[in-house]
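Colleague: Chains as they are written, first to last, in this note's numbering: chain A, 388 to 933; chain B, 388 to 933.
No lab work stands behind these hints: they were computed from the structure.
Every residue gets a Cβ at the ideal spot worked out from N, C-alpha and C, and that includes glycine.
Just to be clear, a hint being listed does not mean it is correct.
[Claimed, not checked] Cβ pair distances, simulated, as ranges:
#, chain 1, residue 1, chain 2, residue 2, range
1, A, Val793, B, Val793, 39 to 45 Å
2, B, Pro559, A, Pro817, 50 to 56 Å
3, B, Glu700, A, Asp816, 55 to 61 Å
[What the hints assert, rightly or not] From the derived model, a few chain A residues whose C-beta atoms are all more than 12 Å from chain B:
#, residue
4, Leu515
5, Trp866
6, Thr867
Protein chains: 2
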Amino acid sequence: MKALMMNTQLMISSILRHAEKNYPNQQIVSVTADNPRHRYTYTELAKRSRQLANALEGLGAKFGDRIGTLAWNDYRHLELYYGVSGTGMVCHMINPKLFPEQVNYIVNHAQDRFLFVDVLVMPLVEALHQNFESVEKIIVLTDKAHMPKTSLPNVLCYEELLAQQSDNYIWPEFDENTACGMCYTSGTTGNPKGVVYSHRSTLLHAYAGALPDATNASNMDVCLPIVPMFHVNAWGIPYASIMVGAKLVMPGPKMADGETLQDLIENEKVSYSSGVPTIWMALLDYLDKSGKKIDSLKVASTGGAACPRGIIERFKYDYDTKVLQGWGMTEMSPLGTLFSLKPGMQDLPDEKIIDLQAKQGRSVFGVELKIVDDDNNELPWDGVAFGALKVKGPWIATGYYGMSQVPGSEGCPVDEDGWLNTGDVATIDPDGFMQITDRTKDVIKTGGEWVSSIEIENAAASHPLIAEAAAIGRYHPKWTERPLLIVVLSDGAELTAEHIIDYLKDKLHKWSVPDDVVFTDALPHTATGKLNKLALRNTYKEYQFS
Amino acid sequence: MKALMMNTQLMISSILRHAEKNYPNQQIVSVTADNPRHRYTYTELAKRSRQLANALEGLGAKFGDRIGTLAWNDYRHLELYYGVSGTGMVCHMINPKLFPEQVNYIVNHAQDRFLFVDVLVMPLVEALHQNFESVEKIIVLTDKAHMPKTSLPNVLCYEELLAQQSDNYIWPEFDENTACGMCYTSGTTGNPKGVVYSHRSTLLHAYAGALPDATNASNMDVCLPIVPMFHVNAWGIPYASIMVGAKLVMPGPKMADGETLQDLIENEKVSYSSGVPTIWMALLDYLDKSGKKIDSLKVASTGGAACPRGIIERFKYDYDTKVLQGWGMTEMSPLGTLFSLKPGMQDLPDEKIIDLQAKQGRSVFGVELKIVDDDNNELPWDGVAFGALKVKGPWIATGYYGMSQVPGSEGCPVDEDGWLNTGDVATIDPDGFMQITDRTKDVIKTGGEWVSSIEIENAAASHPLIAEAAAIGRYHPKWTERPLLIVVLSDGAELTAEHIIDYLKDKLHKWSVPDDVVFTDALPHTATGKLNKLALRNTYKEYQFS
């Protein structure tokens, strides 16, 4: 039986309409290349987003067209989020820090018709321009006075373009499953792959992410997203914070600058901020050095990489700021899990609470999690069993742009039962706290047991004379695979393989202790600083246990 | 362009699955006719809901069938909410306090195949049984020991029925626009009308209602819904509180019993409760009399009727409990607006904050509000202009069961532009706080001005010798309508019409002052205690201003 409820579609434009009516004077503060402190209100955001919609249609852009952005976190990028998606076009956020050939690939693969580019990114665009296959115009995100000199044809000035437009525009309502945005994810192999978000997925993600036991987003908050808007929609903050009516503070290109961040936090009274651990490390180091404060900051949320315990402790004990660790993926919009306490846990000793904060968090309502073994059997939530982590829910990808959407087929990340393979290996404890223990491709499978390469590496790295260590699985005639440890010693140190193996014996399960140790001068890393295990497996392809 | 996101449907069963995995030991405490304090966990709720699903299918109930409930707030009714809807059947919650002929009409109109009935409601069912056209079996919500003697055929015992069932049941996934529940709304005229909720509308309503600036629902909460589960899904609490993992406390038939409510609040550490103003009055009176406390109760939410200022003040000053006034309708699932402060308002003096709490609140994200004049022109949010209140959103009805769904047509509450006519007249202030000033059918339209009948009545009631007053519009040759005041004097009082009109002159706009006053011994009221203006307009049908 069909219900008799309005078929109102979940539209990103509804956020803007609600914001303008209910919080017309709420502020948005930005750092941009042309203004160290730009300040305006939701009313102006809404008005200029409508002008942008008119400008896009004036340029000939149509429903479904991809509009690329190469930009930092500021109000103009925010106008693109709303103005582009609101019309039914697709806001394609591109990471300008990728390798130039990746940026080039992405622009052509998405067939972007227009590119909106920060002044600081113009040199990159100039270098790549002749290889762009679909781009008709470049719009520079600045005003006339700050327009860069450029030899490129078809370049427009954003502020001049907007100034010519009427701010009358009625946001259309259309199918909520329409694409609103795209982000490409780049792994260690192959070309970047495009994830395509919908209006529906974005709104559901905003609702779930704002809940009290998730980010607890309120109109009383002042929110500083330090995670870039080209990284999975800045974790959804540009949507959720405006949905709830919060003040938004945008650091522009000053993402990793402790001084600017501290200044923004103190002067704008930021209560909630989000960034990767590296950013927090930079801020904490700046605070230590300068002796400055961040009294207003109640919550620092983090993700993208495991958060070192030291960051949680420094925030807590030195600044009374709670670290909210979460986990997600580009393919997940990104929110999957977030730290939150359960009844009774408030009374745990600090150390125990930090133990929980150091895990990746509990699933937000809307995302189903499971861990499975090699045969896809679900494993218990006992905090011990670890298996491949799979997820399901309305803001999770079914596949990549231009690739197979058939579950279980080559190139599709979703299995035949409809669960996304995250590529992570994890444990889940009886309270639902999930902890990533490895990547599925790095886990070492030996005689029926799964061994976490990261666990071995952490144990090895605890040795005072070991600078860095990597563990990979290599073929073993009896156990299929056994761990091989590759070690970089500290300057001047001398250790034998036997000594290291001995050292690890009381730190690891018997079956996790490496069978051999080899020494090297340096380990290979990816562009984002992670160990490149693929390269290592290649280097030690021919290695054989004796 | 279509997005590439999972088409996961929003299903009520997903709440139960999430709850069981993430909060297996969270408690549900109930008062029932057969147990003053029943206590179990989410695990048992989930297990028994699956047993119920098997039982329903065993009885021959099918996808889309209406399953009626005549029951109070307890765990068995909760199992019906989840067990019935989870299968794709429709949980039809019936108010046992309606006139028997209305209950009869509703059961037949919905074509309920099975009725699940509280022991206390069995006498009503026995009286009506022979008129039921579609009911095949009556299931009494109790165990074998407490089964009432009955002459009815086809009566089953709920606990016996469940005990025979397996708890293996996989909740199916189907179109989220499928009906999950029904509530009939009864006005002053005509037959009750059925509102049909969907899985989608229910989940979106739960997300929006749980947000920090709405009810702020967390797994740390202990939630006591005193609003009955047959009144618009107990305002959605049975869904939202389990979605977030809160402890649930259900008062069973003891809804208006101050002693039971205080005992539940204190002993179960209730932090959040919801009820109509009459309930709060009963609780506050009991507390005053007994000297008992409700220290754990942080929030008392209220709706269904304007909350008297005295209730807000008594809760605040005597018990440090915040009153959260909201507004909604059966047609709105019900949530439309809720009290919440905006930045800066925390520092307002208490009196100003209470002024805001005494309004009906601000729109939650997902519900769009507007006020319009006679020509459907939108009126400003200035706190002065008042007009017909219209709403739109994904948990708002398109029409009533078995009646026209064509916008703008007879019997359909939605206008041609897709907005629901609420039947209320309201102002909205620049901060978005909405205040109901009248019902559209009661407002008096005089010479182009709208006059609130309630405003006149409140002004008249402030006279120490007036016991009660009602204002209605009557035909006037020049002004179309003019206000006529109908007054009940206090015992022994004597006042003239001229004196009363004089008294009102400095309290009302010139055009709002009644042209005449007539006296009567008593005013007619509806079953729920409101003035029956329809009856009054009928009584004074022939009245003519001289």
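Colleague: Work down the list of hints and note, for each, if the structure agrees.
Modeller: Structure-based check of all given hints:
1. A:Val793 <-> B:Val793: 39 to 45 Å: Holds: the Cβ-Cβ distance is about 41 Å, inside 39 to 45 Å.
2. B:Pro559 <-> A:Pro817: 50 to 56 Å: With a Cβ separation near 28 Å, Pro559 (chain B) and Pro817 (chain A) fall outside 50 to 56 Å, so the hint is violated.
3. B:Glu700 <-> A:Asp816: 55 to 61 Å: 46 Å, violated
4. Leu515: 24 Å, holds
5. Trp866: 34 Å, holds
6. Thr867: Thr867 (chain A) clear of chain B: closest Cβ-Cβ about 32 Å, beyond 12 Å.
Comparing the model with each earlier hint shows violations of hints 2, 3; every other hint is respected.
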